[in-house]
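Asks: Listed here are the chains, written in short residue letters.
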Amino acid sequence: MDLTLRIWRQPDAESDGDFHVYAVKGISSDMSFLEMLDVLNEQLIESGEEPVEFDSDCREGICGTCGLVINGVPHGPERATATCQLHMRKFSDGETITVEPWRATAFPVQRDLVVERSPLDRIIEAGGYITAPTGAAPDANEIPVPKEAADAAMDAAACIGCGACVAACPNGAAQLFTAAKIAHLNLLPQGQAERYRRTEAMVDTMEEFFGSCTNHGECEEACPKEISIDFIAMMNRDYIRSKFKNRKRLGQKKVG
Amino acid sequence: MTLNSKVPSGPIEDKWETHKFEMKLVAPHNKRRFTIIVVGTGLAGAAAAASLGELGYNVEVFTYHDSPRRAHSIAAQGGINAAKNYKNDGDSVRRLFYDTVKGGDYRSREANVHRLAEVSVDIIDQCVAQGVPFAREYGGLLDNRSFGGAQVSRTFYARGQTGQQLLLGAYQALARQIAAGTCRLHNKSEMLDVVVKDGRAVGIVCRDLLTGEISRHTGHAVVLATGGYSNAFYLSTNAMYCNVTAAWRAHRRGALFANPCFTQIHPTCIPASDEFQSKLTLMSESLRNDGRIWVPKDPDDTRPPDQIPEADRDYYLERRYPAFGNLVPRDVASRAAKREVDNGHGVGPLENGVYLDFSNAISRLGRSAIEEKYGNLFEMYERITDENPYSVPMRIYPAPHYTMGGLWVDYNLMTTVPGLYAAGEANFSDHGANRLGASALMQGLADGYFVLPYTIGDYLAEHLGESLVPTNDPAFDDVESDVIGRVARLVGNKRGTRSPDHYHRRLGKILWDNCGMERSREGLGKALAEIPALHDEFRRDVRILGSDDGLNSSLEKAGRIDDFFQLASLMCRDALDREESCGGHFRVEHQTEDGEALRDDENFSYVAAWEWTGEGAEPALHKEPLVFENVELAQRSYK
Ligand SMILES: Cc1cc2nc3c(=O)[nH]c(=O)nc-3n(C[C@H](O)[C@H](O)[C@H](O)COP(=O)(O)OP(=O)(O)OC[C@H]3O[C@@H](n4cnc5c(N)ncnc54)[C@H](O)[C@@H]3O)c2cc1C
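Line order of the protein sequences matches chains A and B. Here the working numbering is used: position 56 in the first sequence is 1502, and no number is missing along the way. Here the working numbering is used: position 15 in the second sequence is 292, and no number is missing along the way.
Since the hints were derived computationally from the structure, they do not count as laboratory data. Do not rely on the hints blindly, as some may be mistaken.
As the list claims (entries may be wrong) - Computed footprint of chain A on chain B, listed as stretches where at least three residues anywhere in the stretch have a Cβ under 8 Å from a Cβ of chain A: (1) 301-312; (2) 349-357; (3) 413-419; (4) 453-460; (5) 514-520; (6) 593-601; (7) 757-766.
On a predicted model such as this, the values are computed, not experimentally measured, just so you know. Note that CB positions come from ideal geometry on N, CA and C, so glycine has one too.
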């Protein structure tokens, strides 16, 4: 297939960017979207033009490194699919495709299609862990975890941290990312001791960097792992509780 | 140079305990006086950094990724082994030890493997405490499966995303230490060289991938947890950025490189679809538990698979290996697939695959049971190939996947450069000539959580009170100017015409053809002539546009490919030297009558550790003899 690409080019974080138009020919429909960009880059290099910078590593939809806004949609037209897992058979011959980086205040563009996403790491550092010093753990089967709880925690833990939820949100909010991590840990018995401290610290840190959530639900639509916005409701509930729960008594009652 | 493996004496069951007791300790209040550099944040690096930080050391952590969570470990699918014996099926530390030594075709160090099996149980405890959501049974206890031909169920898993969940656990532990101030993260920072002063590792030199800035970092010890080198083959299942630069640069500074030719070709990957293929996708080995592998008996059979009757199918693994069938180890399964395809039985548009068929399992267990087990893998397969594996058999073919070879380390995981350690896939340690499924994650975490935190202390204790080598020391000046020179040569070559990928693809083809699943004296000789010639052409002709003072992925790639060239020669050199077949190393000259690997224990029961002797010079071979006191050497048989 032959395609026209409108690609965002920006020399560095400080400069302005604009769209450049490129033609690519003879693309096979079995190619992945990123392989199509590889072909473009080889062409550019051979013609003496600097290749388009984009980030991608595993190309299996799990590392969360890649992420392009394709025709206005984070990760492009296929549902539940990261950019690297998108194939050209989802496009048609002769089409014009617009490719942009994530657009969010918290994710400044570094060059062309590459953005900086480290505020997501700051949220995890604020409390997205269970304190379990190496070597101090009890036998793994000592605390049974109901299968349903383990499965729900896994649903949340499937988040790949790509930031598509933020890019899709009109406010640039990171609620879905934060809620997924909080839910993963708060759903497990091992996560109870730090549950409210964790929720409070992560939400507060999130708010330092990101916009606020106004329940558009675009984040869920864009998520390549189909993380549910129900987790946001859980996070909000735990956040409110964190404000009045008497943590001195957490050890007595059944939590949750 | 004599290689001292520092394996403690005494019965194998007691070695690690004794060693832990005998190693020197650094007192709690003295730990913060030491700075440790950890390069890499995969399972090995993140686990090591978090554990060392927790102990109170100052840890400087480096990764070229934007976040520690993106390390290639994230992509591991199938699971992690541990000798928990939760299934009461006869597993034990001894059995895991035995299986690993045998699976590695008797080319690993017994004591290391035994320690690995011992700490495997602690890893699972540790991960569960961190909140890793392993699969569970309805009773709430952990589920296990049998994996990669093991005859016990000892593999723990988190759907098809085990590596992801384990890495997130380690990353979160690291994040906790970053918040606590014991670990400092340098992301988007690529280590380009090691600084060695008076024979000891004292620091590293890095390039900031966003600004191009070259920086110096000093430490009392340096840990490389920088992953494997399968991407030397260009097409592999590894992530695109995986490379050998950190290990190779350490090699050039004095660290011996062990068994470079021991590479693993994974049997179940999706075959390449065209020449623009950028990487190959692994389909988890767990699929072989329920899928049956076959090819049409008649090479000219062009019927779609569902129209080929049973009588016209050759389930070649079941036929050749009745005891293990589709579950033979990876090296055996891969070679068998190659043989079928080479003999014209390949299937698919390019005739480059074999079928992995689930129709029996679906009719026996029901579609929903298969969906529950493999749903995400089937989906991934369909996304890539546009074929639905519930109705059409998958097509699979082997692909480079894992490298058993790596930096030589002693029992303490120290390389031949004092103060320089290697952990995870970057070292050569535990898997011999072939790694068993679900054992890499185990090894990475064992090294990071349970070995390095002790063994580094033993080294540091001797250097108490020594201040850090200042970064303006001449040792740093020299290394930095080397690094700057290399970068400048690459970007300065304005006459180049072809992209870095162009050369990488060509290098990969030479390696795959001559140092892949089968190796021959003739092929290796040819490769050893072709690789340096192509390397020269690369250096003359690679085109890197743009500058070195900002993000420039062509420059990054070119530097990595430059190192792959030299490594590739060493891989071939090592493969040529090893006149036997073992595990993933199959020399056509050395096979049994029915085409199985033929070891030569008398002459090759050693670790081949290569020393860098300079640009263009022949590397020097050092041998670490392997002594087997606990496992009897035998011809592996899976019949
Ligand atoms: C598709 C796939 C599936 C797999 N499935 C399984 C499985 O089911 N079970 C199993 O046991 N094993 C599996 N493996 C193997 C296993 O995943 C790896 O061997 C293991 O994760 C390697 O971990 P590591 O910590 O050694 O290195 P990696 O995870 O590769 O991490 C390397 C780190 O080093 C950093 N780095 C490298 N070089 C530099 C440099 N020069 N400067 C700065 N930073 C650098 C990187 O940024 C990264 O953080 C699988 C492998 C693949 C490819």
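Asks: Are 3 or more residues of the region 413-419 of chain B near chain A, judged by a Cβ distance of less than 8 Å?
Replies: holds (count 7)
Asks: Establish whether the coverage given for the region 757-766 of chain B by chain A is satisfied; the threshold is a Cβ-Cβ distance below 8 Å, and no fewer than three residues must meet it.
Replies: Contact hint for the region 757-766 of chain B vs chain A: violated, 0 residues under 8 Å.
Asks: For the region 349-357 of chain B, do at least 3 residues have a Cβ located nearer than 8 Å to some Cβ of chain A?
Replies: Since 3 is at least three, the answer is holds.
Asks: With a Cβ-Cβ cutoff of 8 Å, does the region 453-460 of chain B contain at least three residues near chain A?
Replies: Per the Cβ count (3), the hint holds.
Asks: Mind checking, does the region 593-601 of chain B have 3 or more residues with a CB under 8 Å from chain A?
Replies: Since three or more residues must qualify, the claim that chain A covers the region 593-601 of chain B is violated, with 0 doing so at under 8 Å.
Asks: Taking a Cβ-to-Cβ distance below 8 Å as contact, does the region 514-520 of chain B have at least three residues touching chain A?
Replies: holds (count 3)
Asks: Per the coverage rule (Cβ-Cβ under 8 Å, at least three residues), is the region 301-312 of chain B covered by chain A?
Replies: Violated, because only 0 residues of the region 301-312 of chain B bring their Cβ atoms closer than 8 Å to Cβ atoms of chain A.
In the structure shown, a violation is registered for the earlier hints numbered 1, 6, 7, in ascending order.
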